[in-house]
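Just so you know, the sequences run in chain order A and B.
My numbering applies: residue -4 is where the first sequence begins, and numbers increase by one.
My numbering applies: residue 44 is where the second sequence begins, and numbers increase by one.
Read the hints as simulated data drawn from the structure, not as lab findings.
Mixed in with the good hints there might be a few duds.
[As the list claims (entries may be wrong)] Example chain B residues on the side facing chain A (calculated, C-beta under 10 Å, incomplete):
hint: 1; residue: G94
hint: 2; residue: Y98
hint: 3; residue: V132
hint: 4; residue: R150
hint: 5; residue: G153
hint: 6; residue: N185
hint: 7; residue: D254
hint: 8; residue: L268
hint: 9; residue: S311
hint: 10; residue: S312
hint: 11; residue: V313
hint: 12; residue: G342
hint: 13; residue: P345
hint: 14; residue: T435
hint: 15; residue: L452
[Said to hold, decoys possible] For each label pair, taking beta carbons as the anchor points, the in silico distance ranges come out as:
hint: 16; chain 1: A; residue 1: P146; chain 2: B; residue 2: P244; range: 36 to 46 Å
hint: 17; chain 1: B; residue 1: K418; chain 2: A; residue 2: F81; range: 55 to 65 Å
hint: 18; chain 1: B; residue 1: P244; chain 2: A; residue 2: I560; range: 46 to 56 Å
hint: 19; chain 1: A; residue 1: A68; chain 2: B; residue 2: D282; range: 51 to 61 Å
hint: 20; chain 1: B; residue 1: K228; chain 2: A; residue 2: F81; range: 38 to 48 Å
hint: 21; chain 1: A; residue 1: L294; chain 2: B; residue 2: N243; range: 47 to 57 Å
hint: 22; chain 1: B; residue 1: R285; chain 2: A; residue 2: L294; range: 39 to 49 Å
hint: 23; chain 1: B; residue 1: R285; chain 2: A; residue 2: R358; range: 49 to 59 Å
hint: 24; chain 1: A; residue 1: K464; chain 2: B; residue 2: N110; range: 35 to 45 Å
hint: 25; chain 1: B; residue 1: W114; chain 2: A; residue 2: T104; range: 48 to 58 Å
hint: 26; chain 1: A; residue 1: P365; chain 2: B; residue 2: A416; range: 39 to 49 Å
hint: 27; chain 1: B; residue 1: N284; chain 2: A; residue 2: S356; range: 27 to 37 Å
[To be verified] One-sided and incomplete, this derived list gives chain A residues near chain B with beta-carbon spacing under 10 Å:
hint: 28; residue: P152
hint: 29; residue: Q258
hint: 30; residue: A266
hint: 31; residue: P370
hint: 32; residue: L371
hint: 33; residue: L540
hint: 34; residue: A561
Fair warning: this is a prediction, and the values are worked out from it, not measured in the lab.
Positions of the beta carbon are idealized from the N, C-alpha and C atoms, including for glycine.
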Amino acid sequence: MINSTSTSTSSYAARSYSSRWAYLASRGVYVIPWLFPLLTAIGLAGIILPAFGWLPALGYNSFSLAPWQQLLATPGLWTMILTTLFTGVGATLLSLLLTMVFLISSWNTRLWKLTGRTLPPLLAIPHSALAIGVVFLLSPSGIVSRILAVPMDWLHPPDLLTVNDPWGLGLIFALVLKEVPFLCLMLIAAVSQTPIERLLTTGRSLGYSHLQCWLKLVWPLLYPKIRLSVMIVLAFSLSVVDVSLIIGPNMPPLLPVQILQWQQDPDPALALAAAAGALLLLLLVGLCMACWLQLEKVLTSGLRGWLTGGYRGRSRSILITSGRLLFSGLLVLAWISLIVVVIWSFSWRWRFPDIVPSDISLRAWIRFFPGMLEPLQTTITVALTCSVVGVLLSVFCLEYCHRLSRWQQRSIVFFFYLPLLLPQMSFLLGIQTPLVALHLDGYWWTVAACHLLYVFPYCYLSLVDPWQKYDQRFSHAGLILSGSRVRTFLKVKLPMLISPLFTALALGVAVSTALYLPTVMAGAGRYETLTTEAVALASGGNRRLLALYAVMQMLVPMIFFGLAIAVPRLSSLRLSSLRLSSLRLSSLRRNHSPPKRSTHES
Amino acid sequence: MIKNTKGYPLTAMLTLLFTVTLHADVPLYTEHTEHTEHTDNWQETLNAAKGQTVYMNAWGGSANINNYLHWAATELRRRYDVKLRHVKVDDIAPVISRVIAEKNAGRNTGGSADIIWLNGENFRTLNSNGLLYGPFASRLPNWRYIDPKEKPTTVVDFGEPVNGMEVPWGMAQLVFIYDTALVSKPPKTMQELLSFSKKNPGLFTYPAPPDFVGTTFLKQALIELIANPERLQKPVGDDFNRVTKPLWDYLDALHPTLWRRGRIFPNSSVAMLSLVDDGELAFALSFNPGAARAGINDGLLPNTVRTYVHKGGTIGNSHFLAIPYNSSAKAAAEVTINFLISPEAQLRKADPKIWGDPTVLSASRLQPEDQKALKQQNAAASTFDNKTPIQTLTEPHPDWVKALEEAWLKRYRR
Chain A
-4 MINSTSTSTS SYAARSYSSR WAYLASRGVY VIPWLFPLLT AIGLAGIILP AFGWLPALGY
56 NSFSLAPWQQ LLATPGLWTM ILTTLFTGVG ATLLSLLLTM VFLISSWNTR LWKLTGRTLP
116 PLLAIPHSAL AIGVVFLLSP SGIVSRILAV PMDWLHPPDL LTVNDPWGLG LIFALVLKEV
176 PFLCLMLIAA VSQTPIERLL TTGRSLGYSH LQCWLKLVWP LLYPKIRLSV MIVLAFSLSV
236 VDVSLIIGPN MPPLLPVQIL QWQQDPDPAL ALAAAAGALL LLLLVGLCMA CWLQLEKVLT
296 SGLRGWLTGG YRGRSRSILI TSGRLLFSGL LVLAWISLIV VVIWSFSWRW RFPDIVPSDI
356 SLRAWIRFFP GMLEPLQTTI TVALTCSVVG VLLSVFCLEY CHRLSRWQQR SIVFFFYLPL
416 LLPQMSFLLG IQTPLVALHL DGYWWTVAAC HLLYVFPYCY LSLVDPWQKY DQRFSHAGLI
476 LSGSRVRTFL KVKLPMLISP LFTALALGVA VSTALYLPTV MAGAGRYETL TTEAVALASG
536 GNRRLLALYA VMQMLVPMIF FGLAIAVPRL SSLRLSSLRL SSLRLSSLRR NHSPPKRSTH
596 ES
Chain B
44 MIKNTKGYPL TAMLTLLFTV TLHADVPLYT EHTEHTEHTD NWQETLNAAK GQTVYMNAWG
104 GSANINNYLH WAATELRRRY DVKLRHVKVD DIAPVISRVI AEKNAGRNTG GSADIIWLNG
164 ENFRTLNSNG LLYGPFASRL PNWRYIDPKE KPTTVVDFGE PVNGMEVPWG MAQLVFIYDT
224 ALVSKPPKTM QELLSFSKKN PGLFTYPAPP DFVGTTFLKQ ALIELIANPE RLQKPVGDDF
284 NRVTKPLWDY LDALHPTLWR RGRIFPNSSV AMLSLVDDGE LAFALSFNPG AARAGINDGL
344 LPNTVRTYVH KGGTIGNSHF LAIPYNSSAK AAAEVTINFL ISPEAQLRKA DPKIWGDPTV
404 LSASRLQPED QKALKQQNAA ASTFDNKTPI QTLTEPHPDW VKALEEAWLK RYRR
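If we strip away everything but chain B, and leave its shape as in the complex, we get:
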């Protein structure tokens, strides 16, 4: 901590200065030369990070993710003398509230979290209240491997410009996993899903909101069911009931046909995997296109499962890493995040045997051998039926998350 307070204000100011000039230039990132100007600064960061402990607050419900972070911790310790501690939370929301509570209590240094894994609403809450440190994204040496033009969701989080206050860590898209042993032709729209479920009751369900995959399912249904999906890009207004009426009509019809007749719902999307393995469900939802392959490798799913998305595409986004303003180990947090977006760490993360989370890096910016490895990995990992590129729908305005969750609880919690 002492090390940190000594070296830190200077680098922070330099970063600020740099990003301000960068914003004036408009293109977020253009030349590699910008990076070289900062090698000295980066060396300072590396020095400051030595011996620091980073508390990374990240969802701990998946063994693969936990093991991956365990590997990262070992490497960080060996290479940079940074101690990464994975604080496993079952929901990131309490961490957000803790940062807010710390701010209210005047705990402006020595905060309890150093890295938070988040996106969307949680990012907006922290960012709009000035509770994040940064901008720092573009000063990370490995930022050069990210191409916002190819992957727009790496710099726009649920419609909110990121402005370097968080760094993309992985890509996500809502996918449907189904067991070919139970279903021959999966439904490819919400309407088809309803008629399928009416014919085959009990085989489908979705995680109960506010689980984020459950909420994404609601958003996906809303986008598909309403005539004017562009409306969702703007904040919720007085017309909430009118806009969402098709969704509730649809769910009222769908619920009696669901698993357990819609009286209970799984707690999370991963809980659906074991239900598919048991043959209780024929479908699982995931936010990770590689989940099916990873599940097969882990012995969690039968090798008869395949992945698909709906005809018009499905909602996709990126998930990010951010540093709270009162972190006591900002330098080590930056070193950690830089390591986590390095080609080596990202390729490992994308490996379905390890985790199977798609990379945020752009193939065109990688070294030839990394490019090749990525291509091979993608080919081996895919469990998609057809090889046509899948369409990504943009997330609705973050306002909708809370409104939909509250309305859902009011309607379906008896």
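The following block holds chain A by itself, in its conformation from the complex:
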């Protein structure tokens, strides 16, 4: 009533505008539960139909079992399947185990805090760049063997199978290096939601040893919170293509790589075999997940006696120390391999067994950088577009999805994560088949849309938590003062959530930069990103050039993460100095300290 008439009309206009907007959006939200299942159905049809011989785009118009016969006649098929299972399950198990070791041995220590700070950049680095680093580290002419060369008196690199080995051990190592940080970060988030201190105190007061407390009290509470991430890791490890091309077995290759090779073969009959292979891979991944979940149940019931048996355990500090050493050793190796990549990009001559390059120069950068501009541009434009769209979509879903029924909400979240839980090779092959049939492949926006399938879930995942922790009372206050939902959202809620929003953007960029298959499958070979270039170069012989691409692969996400930290700070500075309402806002913000951080510091 104190308002003048002019402001009241403008607020009325805003309200009607906002209500129309909100109405449309609220209608739009009902499309979402159907969008993703539709996409999944298309993806499934895109591999199931060709797997049984029906692919009109290539002139196959009748159903048959020929693709399966061709698949089964592949030399070394069983080796391929077994190695794929071994590396995928092995990498997941090892990563989970190491994550557990990390938690138990270093919770609330200096290492824990250091890890929380050093892991995000490590996580932002594309898998392929890290795999290249591991090759530079572990191959017979790599850094480890150069260091050993003097004491072992090696004049030439040893004739050892350390990378591209038939068992895929090098691949497992590279995957573990990349997945442990991911699981650890998920675990750190889960820990912040669990009253660990209390559980430990209770356990100790009952006389349980440190280790027993963790295993019997804390872990059973924590594990369900990271189960989804473990499943994502499992699906990823079983169907990874780019890392496998760089460091995996090649005689025979792993099943997903073989599928890609079939798909790219000029013989159209092999396109059908690729579909059959993709279906097989899908079944394998499904089977592994089912077995994993079943094993969990069996373990839970089988270990019940042990859990409740009252065995207190003895203190084994040696275990804790060695766990800590193991974990920090792993982190150090990951960082060393990345540093070696940087050194290679600046070296012109670096022969075995020199530990440092004999000729350090900028020549590689000067010579090859101009050729890199185009893939760099594609990488950044695709990544930025996807992550902006991904964040906008996530915000939309977070704002409106609560209007849906609980059942719909749950199915939405499930389908969001589906691209991450399905083997990439199978899902993308299924999406590509209709794309090719409709001549939609080979466009920039198709590539970006395929990236979005993988970028969006991560953006959403990273925003769920801040959105839930946001205190609705700020918005209520804003609504009372402005009378407009849109203005409240833009002026109160968004500025308060600016930091997580920028982090989600940077995360989206990092995810998109790392993607290999979506670019290859949807781009019809016309679009190259830093990652597709690096993977292609990995089969060549020029390590400087390869290192150069790997360095750029690392720089892009790092720069965006840097911006994600810097921009909200700058904008909040401007906000507080320019706006009149800033006083109220900043005081609100000071009071609003996220509970996540407070437990962190406790």
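Fit chain B to the supplied structure of chain A, relying on the hints for placement.
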């Protein structure tokens, strides 16, 4: 695209007409006067090409080649207003399958590839299915610098007459590179190679087929090991097992003596270069006689490496550029190819500091100053031990490629 569809059917028909009469004359190319009749047509092509974008699908695994094409793109843009985009592929086969898929899907215009770098099997697949545009080779002004008599592989691709459906871009021959710091006297036959490798295990290997250098190594071994190599000029028949038995016996004996005991193989011939640089291998294979010099210049190889070929010679061929039938920028593709076979572009390509790929042009047809430059380049580039001209063996019938690759995978992939 609109520009293209307007001017194109006419020139295409004229080209067709011209080449039909040319074929009636039998000698593929004789007089320079034929060219002048076409300057007008060529001017039309140049006009039509203006502003078009050419997607050139070419192997992108070598920085030198990529840089060379980057240079070509800059020049083409400056001189002819043609935008050349190098689509880097790690294998050309997917591109071939894409053209086939486009044909099956009825995408007869606006295809995704405008120039394909290919030869042998891939050319035969596209040509026999009518998926190539042409013949167009002889209407390119720079075609006059090519002498099929001097370089027969410029008009015959793996035994298949080219008939102007593709244009030779460079010459290739299987060569062996070795490090004189590790090996004093390199083996000059397949049998010598086996006994050398038995004595010095782990120093030799070859790229895993279906890498084309790997497959060429198999063909080379087959030619040297069987009594009747002429058999390979005809298609594969029922006698495949009998004919190839000496090869498998040889490889069964050779593999345990190879690098990593033959359990894994390098993915490509260029990957062998860094293994030689590390001292893991003493030998590398290449299809480019200038590879050793280029590798030394690029810091990829020690300057102790030399090049040799086997006593009876090694397999050689040409690699070609072709235009798919559904290309959306045929005029610009022709302008690009014509530029790439110009003396200027070819000399630059043959420069080991740039790429080191031997030219398809004949010295006798070049201008005196170009001739001189070529001669100097050859002298500087050579890393061959002796200066005697090396013998070139003709490629087996293209049928053998697939048969050998499949048999190899069946035997050695466990």
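Structure-based check of all given hints:
1. G94: violated (19 Å)
2. Y98: holds (7 Å)
3. V132: Where the cut-off is 10 Å and the nearest Cβ of chain A is about 6 Å from V132 (chain B), the hint holds.
4. R150: holds (6 Å)
5. G153: holds (8 Å)
6. N185: violated (26 Å)
7. D254: holds (9 Å)
8. L268: At about 23 Å, which exceeds the 10 Å cut-off, the nearest Cβ of chain A leaves the hint on L268 (chain B) violated.
9. S311: holds (5 Å)
10. S312: Check passed: Cβ of S312 (chain B) comes within 8 Å of chain A, closer than 10 Å.
11. V313: holds (4 Å)
12. G342: holds (4 Å)
13. P345: OK, holds: P345 (chain B) within 10 Å of chain A, min 7 Å.
14. T435: This interface hint is violated because 25 Å lies over the 10 Å limit.
15. L452: Constraint on L452 (chain B) satisfied, holds at 5 Å.
16. A:P146 x B:P244: 36 to 46 Å: violated (24 Å)
17. B:K418 x A:F81: 55 to 65 Å: At roughly 58 Å between Cβ atoms, F81 (chain A) and K418 (chain B) fall inside 55 to 65 Å, so the hint holds.
18. B:P244 x A:I560: 46 to 56 Å: Given a distance of about 55 Å, which is inside 46 to 56 Å, the answer is holds.
19. A:A68 x B:D282: 51 to 61 Å: violated (23 Å)
20. B:K228 x A:F81: 38 to 48 Å: Given a distance of about 44 Å, which is inside 38 to 48 Å, the answer is holds.
21. A:L294 x B:N243: 47 to 57 Å: holds (53 Å)
22. B:R285 x A:L294: 39 to 49 Å: violated (58 Å)
23. B:R285 x A:R358: 49 to 59 Å: About 54 Å separates the Cβ atoms of R285 (chain B) and R358 (chain A), which means 49 to 59 Å holds.
24. A:K464 x B:N110: 35 to 45 Å: Once the Cβ atoms are compared, 52 Å apart, the range 35 to 45 Å for N110 (chain B) and K464 (chain A) is violated.
25. B:W114 x A:T104: 48 to 58 Å: holds (56 Å)
26. A:P365 x B:A416: 39 to 49 Å: Since the Cβ atoms of P365 (chain A) and A416 (chain B) sit about 26 Å apart, the hinted range of 39 to 49 Å is violated.
27. B:N284 x A:S356: 27 to 37 Å: Violated, at about 54 Å.
28. P152: holds (5 Å)
29. Q258: Hint holds; Q258 (chain A) Cβ to chain B Cβ min 8 Å, cut 10 Å.
30. A266: OK, holds: A266 (chain A) within 10 Å of chain B, min 7 Å.
31. P370: holds (9 Å)
32. L371: violated (14 Å)
33. L540: holds (5 Å)
34. A561: Since the shortest Cβ distance to chain B is 34 Å, the answer is violated.
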